[in-house]
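> Chains A and B, in that order, give the protein sequences. Mapping of the first sequence onto numbering that gives the first Met the number 0: position 195 corresponds to residue 194, and the numbering continues sequentially without gaps. Mapping of the second sequence onto numbering that gives the first Met the number 0: position 82 corresponds to residue 81, and the numbering continues sequentially without gaps.
Treat each hint with caution, since some may be false.
[Stated by the list, open to error] Dumping the calculated DSS-like pairs for lysine-lysine here, alpha-carbon to alpha-carbon at most 25 Å:
| hint | chain 1 | residue 1 | chain 2 | residue 2 |
| --- | --- | --- | --- | --- |
| 1 | A | 242 | A | 264 |
| 2 | A | 332 | A | 406 |
| 3 | B | 189 | A | 399 |
| 4 | A | 332 | A | 123 |
| 5 | A | 123 | B | 106 |
| 6 | A | 373 | A | 388 |
| 7 | A | 11 | A | 123 |
| 8 | A | 406 | A | 387 |
| 9 | A | 406 | A | 64 |
| 10 | A | 387 | A | 398 |
| 11 | A | 352 | A | 317 |
| 12 | A | 400 | A | 388 |
| 13 | A | 317 | A | 151 |
| 14 | A | 388 | A | 399 |
| 15 | B | 162 | A | 264 |
| 16 | A | 317 | B | 189 |
| 17 | B | 189 | A | 242 |
| 18 | B | 162 | A | 242 |
Keep in mind that the hints were calculated from the coordinates and are not lab data.
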Amino acid sequence: MCRIILLGMNHKSAPVEIREQLAVACQQDSNPLLLFPHLENVSELVFLSTCNRVEFLFTCTQAVKAVQEVKALLRNHLGTMPSTRVDSYIYAHEDMDAVQHLFRVASSLDSMVIGEPQILGQLKTAYRQATEYRTVRVILNRLLHKTFSVAKRVRSETCIGSCAVSISYAAVELARKIFGELRDKRVLLIGAGEMAELAAEHLMAQGVRQMVVANRTLQRAIDLARRYNGETVPFDHILDTLKNMDIVLTSTGSTEPILTFRDVKSRMRERRNRPLFFIDIAVPRDVDPAVNQIDNVYLYDIDDLQGIIDLNMEERRKEAERAEHIIAEETIKFRNWMATLDVVPTIIALREKAERIRCNELQKTLSHLSLEEKDRQAMEVLTQSIVKKLLHDPILFLKKKAARDTKDLYVDYTQQLFNLTERNGSDVSSLTEEAPDDKKESNILKTLKK
Amino acid sequence: MRSARIGQLAVTNSQEALSFFALLLVITYLIIQLRLQLRILGSFVSPLAVIFMLASSLVPDHMVPKSELFKSGWVTLHVTALFLANALFAVAFSVSIMYLLQERQIKNKNFGFLYPRLPSLERLDTISHYCLLAGFPLMTAGLVTGFAYAAMVWHSPWNWDPKEILSLITWLIYAVLLHERLAVGWRGRKAAWLAIFGFSAVLVTFLGVNLFLKGHHSITVR
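Bound-form chain A, shown alone:
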């Protein structure tokens, strides 16, 4: 019986020291998949490594031995470390638990920031490497493709990735709610904190028209302006430039507010009341909170933005619950598919399908003809024996392969050739066709069939 096992550690199971080593190991070139030929008990292997997690997904027949081999592989990957320590941080999921875990990882329910989109890309890279090293076959091929479609389904059917959960992105979202298009907007960046720079980059990505930088240190201003392809203004002239700006990002180290109610108020008329959006990321704040009371002026400081993020995180957690339902559903579907990989159900399905076709066709023909009972029976016998003879060889072939490791492959192809998995028949073929190896082989089979 084939088992699916997933060994790994993530930000929940392992402390930060261990994960630091992971990050180091991440940057090394050696890929554990290279050692795949040395693993005697592991039949398929996918290896995923990010800075916060490492996962070994494999199939085997002898679970205990295979787990030992993979653990050794993991220790080897992490470098020198006492084995007892590492073992206590590892979790192992078997069979459907492993499938469910993989679905959760891919849908970003298991991530540090729920709903972040990178993990799916990382998993796709991991799968591509595995196909390059030829360490995946029928089961993991199928599982990984299913995983990608589950993750896609979670993304499209829940709002798990829809609201901003970083300060800088929340600011951009707000700007879009105020201005709509940001393409013709100008941004003034006052001071240069890390977060303000991030927000500025997000705004640049939205295609703002112009970026203007003001900084007390001129050199720093020039550097930043070059980075954003913008201009600099002297720090003392900030108030005058307000007239032409739409979004103002401040993050100076000033202890006093640099923009007061009166400064801003008097400039709104010059602006003909075009909206002005202040994003104040500095602590202590750079913009007088009273500024928010002016018409068409919107001021958000770091606490306001944090508040939005907290709300959005809450929203994501709610969506995560919906996602869990989808995953549970898909796990059951996958279990059903696994069950069909056994030879016997396939043979039964094959016979049933043939019998169904025979009965239907026979009935169609007989309804046109007026035959006597004797002839009718002769027809019956004739069709039965045709079906039986035709199926004899494929069934014998499957039975012969039942004891072999490669049986899954043949079962899968039989199902595809005869289109046996009708419950989810359409996506069986579409998914396996995406895998390069499978495609080649199924093409060969197609030509053989001809």
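With chain A fixed as given, assemble chain B onto it according to the hints.
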């Protein structure tokens, strides 16, 4: 339907006027929807249209005696222009409500159910602006034709009819709004409030006079 039967634009009593207005409102919305793809606007405009239809069926239906007075092209022009202007103002009114809701959420940093569904402030403001830009000349044209026809029929453009007075007040409100927007650069919250105020003046002119006050617009006098 009734329009065709009596061979003139069926707007002589309140019932007809209200349903005709609801129809125009929906048509205006659909045109805007085609241009801007702003589906949420529908959820604000359609209740308005429903209210007008309901009002139309509630208002007592007294047939007005046919009169040669209303069979002129001038009247058709006068009524259509004014009703179209009013429909545009109704859209501006809805958009302004949307603007105020959205503005309050952003200003108070308190995001509710509508926040993700409403479009951006600038977009709402622009729509309101264009409705005003299109509606105001129509209203002016409607009033001018009305005065011209009055001058022809009654030999005096101005008859101190309550509807005339109120219409002029409404026109002035919108004139002020347009002036502030174009010359002073009003926009956003204040402009939205004035658009809402203007539309309530429209309602008073339109309904209040028909229902409660007597004048040649409510047909009974002459």
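> Among all the numbered hints in the text so far, which are the ones the structure does not match?
Hint check: 3, 5, 11, 15, 16, 18 fail, others pass.
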